[in-house]
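There are 2 protein chains.
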Amino acid sequence: MSRMPTPPADHQVDRIRRFNRFYTRQIGLLNEGLLDSEYSLTEVRVLYELAYRGPLTAAALGQDLGLDAGYLSRILRRFEGRGLIDRSRSAEDRRQVLVSLTDAGRTTFQPLDRASAAQVAAMLSGLSASERESLLQAVSTIERLLDPIRKPEEPYILRSLQVGDIGWIVHRQGVLYAQEYGWDESFEALVAEIAAAFVKAYDPIWERCWIAEREGEVVGSVFLVRHSPEVAKLRLLYVEPSARGLGIGRRLVDECIGFAKAKGYRTLTLWTNDVLVSARRIYQAAGFRLVKEEAHRSFGKDLVGQTWDLTL
Amino acid sequence: MSRMPTPPADHQVDRIRRFNRFYTRQIGLLNEGLLDSEYSLTEVRVLYELAYRGPLTAAALGQDLGLDAGYLSRILRRFEGRGLIDRSRSAEDRRQVLVSLTDAGRTTFQPLDRASAAQVAAMLSGLSASERESLLQAVSTIERLLDPIRKPEEPYILRSLQVGDIGWIVHRQGVLYAQEYGWDESFEALVAEIAAAFVKAYDPIWERCWIAEREGEVVGSVFLVRHSPEVAKLRLLYVEPSARGLGIGRRLVDECIGFAKAKGYRTLTLWTNDVLVSARRIYQAAGFRLVKEEAHRSFGKDLVGQTWDLTL
DNA sequence: ACAGATAGTTGACTGAGTCAACTATCTTCG
DNA sequence: CGAAGATAGTTGACTCAGTCAACTATCTGT
Chain Z
1 MSRMPTPPAD
11 HQVDRIRRFN
21 RFYTRQIGLL
31 NEGLLDSEYS
41 LTEVRVLYEL
51 AYRGPLTAAA
61 LGQDLGLDAG
71 YLSRILRRFE
81 GRGLIDRSRS
91 AEDRRQVLVS
101 LTDAGRTTFQ
111 PLDRASAAQV
121 AAMLSGLSAS
131 ERESLLQAVS
141 TIERLLDPIR
151 KPEEPYILRS
161 LQVGDIGWIV
171 HRQGVLYAQE
181 YGWDESFEAL
191 VAEIAAAFVK
201 AYDPIWERCW
211 IAEREGEVVG
221 SVFLVRHSPE
231 VAKLRLLYVE
241 PSARGLGIGR
251 RLVDECIGFA
261 KAKGYRTLTL
271 WTNDVLVSAR
281 RIYQAAGFRL
291 VKEEAHRSFG
301 KDLVGQTWDL
311 TL
Chain E
1 MSRMPTPPAD
11 HQVDRIRRFN
21 RFYTRQIGLL
31 NEGLLDSEYS
41 LTEVRVLYEL
51 AYRGPLTAAA
61 LGQDLGLDAG
71 YLSRILRRFE
81 GRGLIDRSRS
91 AEDRRQVLVS
101 LTDAGRTTFQ
111 PLDRASAAQV
121 AAMLSGLSAS
131 ERESLLQAVS
141 TIERLLDPIR
151 KPEEPYILRS
161 LQVGDIGWIV
171 HRQGVLYAQE
181 YGWDESFEAL
191 VAEIAAAFVK
201 AYDPIWERCW
211 IAEREGEVVG
221 SVFLVRHSPE
231 VAKLRLLYVE
241 PSARGLGIGR
251 RLVDECIGFA
261 KAKGYRTLTL
271 WTNDVLVSAR
281 RIYQAAGFRL
291 VKEEAHRSFG
301 KDLVGQTWDL
311 TL
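Going down the list, the protein sequences come from chains Z and E. Throughout the first sequence, residue numbering follows full-length UniProt numbering, covering 1 to 312 in sequence. Throughout the second sequence, residue numbering follows full-length UniProt numbering, covering 1 to 312 in sequence.
None of these hints come from the bench; they were simulated from the model. Keep in mind that a hint or two might mislead.
Since the list gives no way to pick one copy over another, a pair counts as held whenever it fits inside one copy or between any two copies.
Said to hold, decoys possible - In silico SDA-like cross-links for lysine to any residue, where the CA-CA straight-line distance does not exceed 20 Å:
no.	residue 1	residue 2
1	K200	A178
2	K263	Y48
3	K261	R18
4	K233	K261
5	K261	A69
6	K261	Y39
7	K292	E230
8	K200	D302
9	K200	S160
10	K200	D184
Take these sequences, add in the hints, and give me the full structure.
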């Protein structure tokens, strides 16, 4: 069913237009810095595309960058004359010319790339760590909302715990469960306690933590701890809203199950609350059975706690 | 003393650069729609500026839009020829020409303005109401963080604990002490434990936490807990590198001392490590005395722990 | 085998924008 | 108070980014 949202308010339109003017100036300032080089902005874009996606046919290059074929041809000829690129006829389709950067081309491009990165780094350096996080969250939000072709999004990786993860996971779960369920600080404190205990008592033979990371950002995590020699416990599963629907939650649970089986545990147990509907669906799909339920008041709310077990 | 924030991570720089490329395309698409008119983008920008900020002198107009004076002169002459603007010598300074839109100019500009607004409205129409709010939040965040003409930095405020703070403080201390002193995850776990314990056992009569916040971002914090009926304990003092040198650390310690005195404690105690030089200076300046020292190995390092007391 | 499409090149051109030289006017300084 | 220097705006000459069309070579589909 197609969505039929209300027309946007004038003030919403005006704010986006103001942002567009503001950000056009921002990008213009960054590009001005770049134009201190002997290459035009378009030329640098061509080099960039070849450096990161090359080799490419001229047609593909022009398509990617939205350039007139005749104009591109002249740019490439100049680059070839300067030894920055090689051009060769494709063996498969002799209409096509394959373009690749030479070593000299890469050497020429590197300082331009670094200069561009340095400008952005300088811009970010004026911000504190949490301001940077806010900025990055904001740009991710805009890309996610406005970019129609970003699906399927880049894959995530799973990795182990690093410095800063514990606090970040505590922070994000605190904020998210407050936003989504109205839970108070005591939930965040519980998460902090569990995570701290995991680190302090960590036994790498029997216990593990998986961090889902995408583009350098944590997008989910889960912990498995040794409850008893035969029982493992899955704790603190969470997935960022911006990364939901990609199977990350399922994947994290599957990793736990795989690890628990490999270690010879007989049972994988977990405690959740009934309002965590998405998580519960994952557990049920994985074969967990509800073994206990009890009402309790926690985190400033009346909740129904549930214990689920999976026989391995 | 100048701020010395940590250099941004490469992945942070890369994400901003990717966003810039993405948003340049976004703006380009919007501008392409505009160029279906008989006016160039620059001409429309001139009309826009005159419509919203006119009348203006030609010099001011060129300054605002970053246009070459000769080029602008020609644009204005074309507009005058079409009856879109009036130009008149300023009575105050006869070098200056005052430019204003005529009724015909406004009539010409209106559909261009509406077309531009309609494009943004169409873009927003593809989003749900909450997605629009997220988008608007995100663009406001970017403007607030990157716009150089925002107010000279606001002073910080001190406030009490909110959801998300615990995790954030754990995260930042974990990251900072790893960067600055090479401490491992166990330090972060300790911070998590202490912070969690503070929340779980919080007694608002005898204990307190101060969060230093500036422009919506946490820039420091300290906790005071009840060690015994007569002894208060200061814990987890930290200040963000980007906010150091502003007296925040001293202020947080002073707040602790004031609160401890007000509550009738006799002693304010704290444990630190000798490598935390800036913190130690603050404690000494506040009158704390070193009462115990012991070597220990923690956080992956050989350290010298120190206990300092202040008699109130 | 041929028509139509694609890939790439080159010629001719437009127009956005730059740079310099100029006139008129205002401000500052000796 | 006059002259030098700066500012405002205009015009001439020019560059060059980019567009459009015509062309050759090659590939695909009927």
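So, going through the hints one by one against the coordinates:
1. K200 to A178: This pair counts as between: shortest inter-copy Cα distance 17 Å, intra-copy 27 Å.
2. K263 to Y48: neither (48 Å within a copy, 64 Å between copies)
3. K261 to R18: neither (53 Å within a copy, 41 Å between copies)
4. K233 to K261: Cα proximity of K233 and K261: one copy only (12 Å, versus 46 Å across).
5. K261 to A69: neither (58 Å within a copy, 75 Å between copies)
6. K261 to Y39: Result: close neither inside a copy nor across copies, 59 Å intra and 66 Å inter.
7. K292 to E230: Classified as within; 19 Å inside a copy, 45 Å across copies.
8. K200 to D302: between (31 Å within a copy, 18 Å between copies)
9. K200 to S160: The answer is within: 15 Å in one copy meets 20 Å, while 28 Å across copies does not.
10. K200 to D184: between (25 Å within a copy, 11 Å between copies)
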